[in-house]
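*Asks:* What follows is each chain in one-letter form.
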Amino acid sequence: MILALAVVVGLIASLIRYRGGALDRIAAISLRWAWLVPLALALQWPLLRAPAGLRQQIGVQQVLFLASHLLLLAFVGLNWRSTAVKIIGLGVLCNLIVILANGGLMPITPETLVQINQGSSLAQWPAGAHYGYSKDIILAQQNTVLWLLSDILVLPAPFPWPAAFSSGDLIIAIGIIILLQGSPTSLRLLTVESRQV
Amino acid sequence: MKALKDMWTRYATPTNVKIAYILFILASLAVAGGAPGATGGCGG
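Quick note, the sequences are listed as chains X and U, same order. All letters in the first sequence, in the order written, are residues 53 to 249 by the working numbering. All letters in the second sequence, in the order written, are residues -19 to 24 by the working numbering.
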């Protein structure tokens, strides 16, 4: 859920930048077939609620998780005119590539898990296991395909919610922050409206 | 009940509802598109 913070950051940035006009700019954002996104999240929900365990125990959840990416990519395709959505799409694609290259889940190393779970040890994070309540699978670095695209960036303590994230996650967060500043399409709409007034 | 209805009339303007909808969609997009690993195993 840490990535949802990008929405808060984007909203605050917009309010600082545009003050009273920020909310009008956000309201002018036009997203086609936006319901595909919560539907994709609903498909991922069983995986996000699955406790830690063997990969074989979450076969159905994993299929639903992978299917949800079709909906996300469809959403990106239908909103391709927006530069911010293109950026978000790039992030989704980066994540999907590394997920597919590693058998259907996002790889994370035991070392990274020790960094974000203070007081834990490497022995607690067996390779090959699903990291509970997440989309991650625990894999050693040498066994991770496209390791650079996996969850290697770390927000350690004393950050209130220590987390590891991928470059794809970072790109998605940047795209969301940019989108909340008002897309070029919505800016054109506002310009036309102000001329009419 | 009346207070609730008054609040709805006052704050649930079409613009505010649209803003809430956009924020909900973007939060969903962040959780669905991203794949971070968090403390205690809390992805999304």
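FYI, nobody ran anything at the bench for these hints, they're computed from the structure. A hint or two may mislead.
Said to hold, decoys possible - With a straight-line Cα cutoff of 25 Å, these simulated SDA-like cross-link-like pairs (lysine to any residue) come out:
(1) Lys(-2)(U) / Ala86(X)
(2) Lys(-15)(U) / Ala86(X)
(3) Lys(-2)(U) / Trp87(X)
(4) Lys(-2)(U) / Leu91(X)
(5) Lys138(X) / Lys(-15)(U)
(6) Lys138(X) / Leu91(X)
(7) Lys(-2)(U) / Ser219(X)
(8) Lys(-2)(U) / Ile230(X)
(9) Lys138(X) / Pro212(X)
Stated by the list, open to error - Label pairs and their in silico Cβ distance ranges:
(10) Thr(-5)(U) / Leu57(X): 38 to 44 Å
(11) Leu57(X) / Met(-19)(U): 34 to 40 Å
(12) Ala(-17)(U) / Leu198(X): 30 to 36 Å
(13) Pro210(X) / Met(-19)(U): 41 to 47 Å
Think of the CB as a built atom: it goes at the ideal place given N, C-alpha and C, for glycine as much as any other residue.
*Asks:* Hint by hint, which ones does this structure get wrong, listed from lowest number up?
*Replies:* When the structure is compared with the hints, numbers 2, 5, 7, 9, 10, 12 turn out to be violated.
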